[in-house]
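Chain D is fixed; fit chain X onto it per the hints.
Sequence order for the protein chains is D and X.
Position 75 of the first sequence, counted from 1, bears residue number 75 in the working numbering, the numbering being contiguous throughout.
Position 71 of the second sequence, counted from 1, bears residue number 71 in the working numbering, the numbering being contiguous throughout.
Among the hints, erroneous ones may be present.
[To be verified] Pairs of lysine-lysine, PhoX-like flavour, derived with a Cα cap of 20 Å:
| id | chain 1 | residue 1 | chain 2 | residue 2 |
| --- | --- | --- | --- | --- |
| 1 | X | 111 | X | 186 |
| 2 | D | 186 | X | 161 |
| 3 | D | 199 | X | 161 |
| 4 | X | 49 | D | 161 |
| 5 | X | 23 | X | 33 |
| 6 | X | 186 | D | 161 |
| 7 | X | 199 | D | 131 |
| 8 | X | 66 | D | 186 |
| 9 | D | 115 | D | 85 |
| 10 | X | 49 | X | 23 |
| 11 | X | 33 | D | 186 |
| 12 | X | 4 | X | 115 |
| 13 | D | 173 | X | 186 |
| 14 | X | 4 | X | 90 |
| 15 | D | 85 | D | 111 |
| 16 | X | 115 | X | 161 |
| 17 | X | 131 | D | 199 |
| 18 | D | 147 | D | 131 |
| 19 | X | 66 | X | 49 |
| 20 | D | 90 | D | 111 |
| 21 | D | 186 | D | 33 |
| 22 | D | 4 | D | 186 |
| 23 | X | 199 | X | 186 |
By construction, these hints were calculated from the structure, which means they are not laboratory data.
Every value quoted in this text rests on a predicted model; they were computed, and no experiment measured them.
Protein chains: 2
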Amino acid sequence: MSSKGLLIVVSGPSGAGKGTICKELLNQNPQIKVSISATTRQPRNGEIKGINYFFIDKNKFELMIKNDDFLEYATVYDNYYGTPKEYVMKNLEDGNDVLLEIDIVGALQIKDRFKDAVFIFILPPSLEELKNRIVGRGTESLADIEKRHGSAISEIEQFIKYDYAVINEDVLKAVGDIEAIIRAEKCRVLRRTEEIQSKF
Amino acid sequence: MSSKGLLIVVSGPSGAGKGTICKELLNQNPQIKVSISATTRQPRNGEIKGINYFFIDKNKFELMIKNDDFLEYATVYDNYYGTPKEYVMKNLEDGNDVLLEIDIVGALQIKDRFKDAVFIFILPPSLEELKNRIVGRGTESLADIEKRHGSAISEIEQFIKYDYAVINEDVLKAVGDIEAIIRAEKCRVLRRTEEIQSKF
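One chain only, chain D, in its complex shape (with noise of 0.2 Å):
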């Protein structure tokens, strides 16, 4: 008997630094899989499908949605964005560790769902530090800046609603704490009831 993966939903306000614990997350447990979003937006300079996104177009995407092909799936400046379930799924039964970077509101649909899941959120040290990270990026006017200062303040209060907050004060440091929690969680009584009540 294999036992099931483990869906683990990593998000977080903007400039906390999320997609940068991920990348590392993925480069030294390669055995994790990660799930690829399909969005309806053009593809960007440098943006390979099936590495960054699927790219599929409009009709494609509300068949998907009509089917409930998607785990969560948000429009964002006409643009549609979702998470397959398939691939998802697949990968769950097959005993794999499925990882998804994603927004506050994908997070809390995916919650409603699927209560298996493991979901953690991402702070950054401080919001001095926060502010710091957005204005390091160089490619955003101050009024830009403010306002995505502001909207993440607002993202933290979001804290409350997942089962583990890591704080980026260093990436390694916030990778271990991840994979401290995914190893931790494949502990718990309530995941290993079957494995257990079989072997004794």
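Relative to the frame of chain D, chain X by itself:
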């Protein structure tokens, strides 16, 4: 603000190897404090006061019961055994993690009064292996072995009341599981709410 420590309660059936695992856990993590039980029984050869047990007389023990000075206590063969509350509470308040290796009845008493503790159940890899280990001690008669094996089987059913189940296939792996559980528990949103709300 220093966060409060974690009370880690480790128990499991006789022969699962919880003593060996706890010893190795403490070797590798000398910052973890270990709670010492009090008993009214006489010290055995080689037992040291304050290391193996606190040896106290019956009057003192009963006064402590009356004063609600135990986290849990029990009577075994006319002797009292109990976990003094003061040492545990003081260390938790100081932010130290405290390990309690304790039998299943005692662990469940603590669970009733101490919702914040983490309850870890140690299991043998199989019933056959459990029997081998009990036989391997070589100190017991066949009848005693059968009795101990039988009671271990009924003790195993209690795993369902714990938070985590660690299977002792390998001592170092089991210690690694417990270390991951401790690290993950410190990231639980329920334990970090105050810290995060004071920061953001």
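Worksheet item: Regarding the pair residue 4 of chain X and residue 90 of chain X, is the alpha-carbon distance no greater than 20 Å?
Response: 10 Å, holds
Discussion item. Need the status of pair residue 199 of chain D, residue 161 of chain X: alpha-carbon distance at most 20 Å?
Written reply: At roughly 17 Å apart (the allowed maximum being 20 Å), residue 161 of chain X and residue 199 of chain D satisfy the hint.
Worksheet item: Under the criterion that the straight-line Cα-Cα distance not exceed 20 Å, is the pair residue 4 of chain X, residue 115 of chain X satisfied?
Response: 14 Å, holds
Worksheet item: Under the criterion that the straight-line Cα-Cα distance not exceed 20 Å, is the pair residue 115 of chain D, residue 85 of chain D satisfied?
Response: 15 Å, holds
Discussion item. For a C-alpha distance cap of 20 Å, please report whether residue 90 of chain D and residue 111 of chain D respect it.
Written reply: Judged against 20 Å, a Cα distance of about 19 Å means the pair holds.
Practice prompt. Assess, step by step, whether the Cα of residue 66 of chain X is no farther than 20 Å from the Cα of residue 49 of chain X, and give holds or violated.
Written response: 23 Å, violated
Worksheet item: Keeping to a limit of 20 Å between CA atoms, is the pair of residue 111 of chain X and residue 186 of chain X held or broken?
Response: With Cα atoms ~18 Å apart, residue 111 of chain X and residue 186 of chain X stay inside 20 Å; holds.
Item to complete: Given the hint that residue 199 of chain X pairs with residue 186 of chain X, test it: the Cα-Cα distance must not exceed 20 Å.
Response: At roughly 17 Å apart (the allowed maximum being 20 Å), residue 186 of chain X and residue 199 of chain X satisfy the hint.
Worksheet item: Under the criterion that the straight-line Cα-Cα distance not exceed 20 Å, is the pair residue 131 of chain X, residue 199 of chain D satisfied?
Response: 14 Å, holds
Practice prompt. With a cut-off of 20 Å on the C-alpha distance, tell me whether residue 85 of chain D and residue 111 of chain D pass.
Written response: With a Cα-Cα distance of about 14 Å, the restraint between residue 85 of chain D and residue 111 of chain D holds, given a limit of 20 Å.
Practice prompt. Please work out if residue 66 of chain X and residue 186 of chain D have their alpha carbons no farther apart than 20 Å.
Written response: Given that 20 Å is the threshold and the Cα spacing comes to 41 Å, the pair is violated.
Worksheet item: Does residue 161 of chain X lie within 20 Å of residue 115 of chain X when you go C-alpha to C-alpha?
Response: 13 Å, holds
The structure fails hints 4, 8, 11 and 19 (numbered hints given earlier, in ascending order).
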